[in-house]
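Chemist: Each residue of the sequence shown is one higher than the one before, counting from 279 in our numbering.
Heads up, a few of these hints could be off.
Claimed, not checked - Below, in silico cross-link-like pairs of lysine to any residue (SDA-like), each with a Cα-Cα straight-line distance of 20 Å or less: (1) 379 x 496; (2) 489 x 534; (3) 421 x 489; (4) 528 x 589; (5) 527 x 496; (6) 520 x 589; (7) 527 x 596; (8) 417 x 386; (9) 473 x 363; (10) 462 x 429; (11) 530 x 459; (12) 417 x 538; (13) 490 x 551; (14) 421 x 449; (15) 528 x 586; (16) 386 x 460; (17) 537 x 575; (18) 421 x 497; (19) 530 x 587; (20) 522 x 554; (21) 379 x 390; (22) 473 x 366; (23) 559 x 519; (24) 522 x 532; (25) 418 x 496; (26) 457 x 439; (27) 499 x 554; (28) 414 x 480; (29) 538 x 416; (30) 534 x 521; (31) 489 x 350; (32) 490 x 457; (33) 421 x 504; (34) 490 x 388.
Calculated directly from the structure, the hints in this document are not laboratory data. Here the structure is a predicted model, which is why all the values come from computation and not from measurement.
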Amino acid sequence: MRKLKKRVLAFTVLHLMVLFNLGITGCGLKDYNAKEEEIAKTISSGSSSVVETISSGYYLSLGTLDENVIINETERNKSGITVVNKNIIFPQCRIRSISMKSWSRREKPYNPPEPEIVQYVDALENAEIVDNVPEKVLKKMVKIETHILYLNSHNKFRTISIINFGNGYHEISVARDNKKNFAKNIPVQTDTGKKYYQIFLHSMEAENIIKKWINWESQGKDGFSHIQNASLSVNGSMDVTKFKEDQLKKLKTYLKSDKKIAESPCGYENYFECIQEDGSKFHFSISADGESISTDRAVYVVDYPDNIEIVELFKEIHNLH
279 MRKLKKRVLA FTVLHLMVLF NLGITGCGLK DYNAKEEEIA KTISSGSSSV
329 VETISSGYYL SLGTLDENVI INETERNKSG ITVVNKNIIF PQCRIRSISM
379 KSWSRREKPY NPPEPEIVQY VDALENAEIV DNVPEKVLKK MVKIETHILY
429 LNSHNKFRTI SIINFGNGYH EISVARDNKK NFAKNIPVQT DTGKKYYQIF
479 LHSMEAENII KKWINWESQG KDGFSHIQNA SLSVNGSMDV TKFKEDQLKK
529 LKTYLKSDKK IAESPCGYEN YFECIQEDGS KFHFSISADG ESISTDRAVY
579 VVDYPDNIEI VELFKEIHNL H
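Let's have the full structure, built from the sequences with the hints guiding it.
Modeler: This is the structure:
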């Protein structure tokens with residue numbers, strides 16, 4: 279395992295843009311974009327809305343594990359994640375919930391078997407700590423973000439965020455509840471006394487586990503031609519609209535447009551869950567301006583004027599709700 283080297287205090291501006299921007303220059307209809315934290319605070323259910331002001335409340339409201347997964351070995355004597363002997367170590371804790379999202383999928387809870395959760399924790403703890411994510415991986419990434427909510431030995435909630443970039447690379451950070459800003463990042467302590475707000479890991483095992491949990495789809499744009507029906511969720515809302523026959527026809531026409539691969543989407547406001555001809559599910563999102571489509575495998579750009587009709591369809595659906 280490589281030695282944990284001294285890291286710079288922050289990413290370069292380029293990395294920050296790739297990791298956290300919801301849009302890129304040139305994408306239209308910015309008024310449809312919603313801040314991620316604002317989406318996270320509001321969960322629509324029927325005609326009512328429940329506002330969650332802190333991260334633990336939000337993730338618990340999404341759904342909890344059937345049974346708490348207890349991590350309780352005696353050497354885990356800290357209240358938070360630490361780096362010991364060049365490995366990350368989870369604290370003594372009770373894992374309460376696991377949720378996942380990506381550019382192609384709205385956030386939802388997952389409830390994998392306890393042995394698989396323990397296997398995932400083990401994979402992260404055995405992962406190689408690296409200095410950063412290689413540039414060539416960042417350019418091709420279709421990231422998957424996992425949130426693990428746990429109660430530590432002090433009975434305090436902590437949220438672990440794990441971003442998987444592909445090729446086995448992960449970024450891990452920890453946050454505590456914050457009433458003003460939803461959550462506040464806290465540092466990961468090391469046995470050398472240094473503190474880091476992000477730790478980068480490499481583990482293909484950990485990546486393969488989360489891909490199994492979400493049933494990761496490898497077909498990319500090839501999946502568009504096999505869609506039988508489609509349901510739409512806007513901005514991650516729990517409200518779902520099933521497409522009518524005429525709407526589905528417009529969607530299929532749009533999906534046949536010429537496309538080229540992009541590094542990141544203009545947005546991902548419109549989430550689709552489709553059923554294909556063989557009965558399998560297929561997920562993707564379309565930006566509010568119709569200029570980008572995100573699948574599990576890749577992001578694609580649709581040029582004007584091929585995006586016009588899908589934007590009109592989105593407006594029609596929005597007006598009905």
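Chemist: Where does the structure disagree with the numbered hints, that is, which hint numbers, in rising order?
Modeler: 2, 5, 8, 11, 31, 32 and 33
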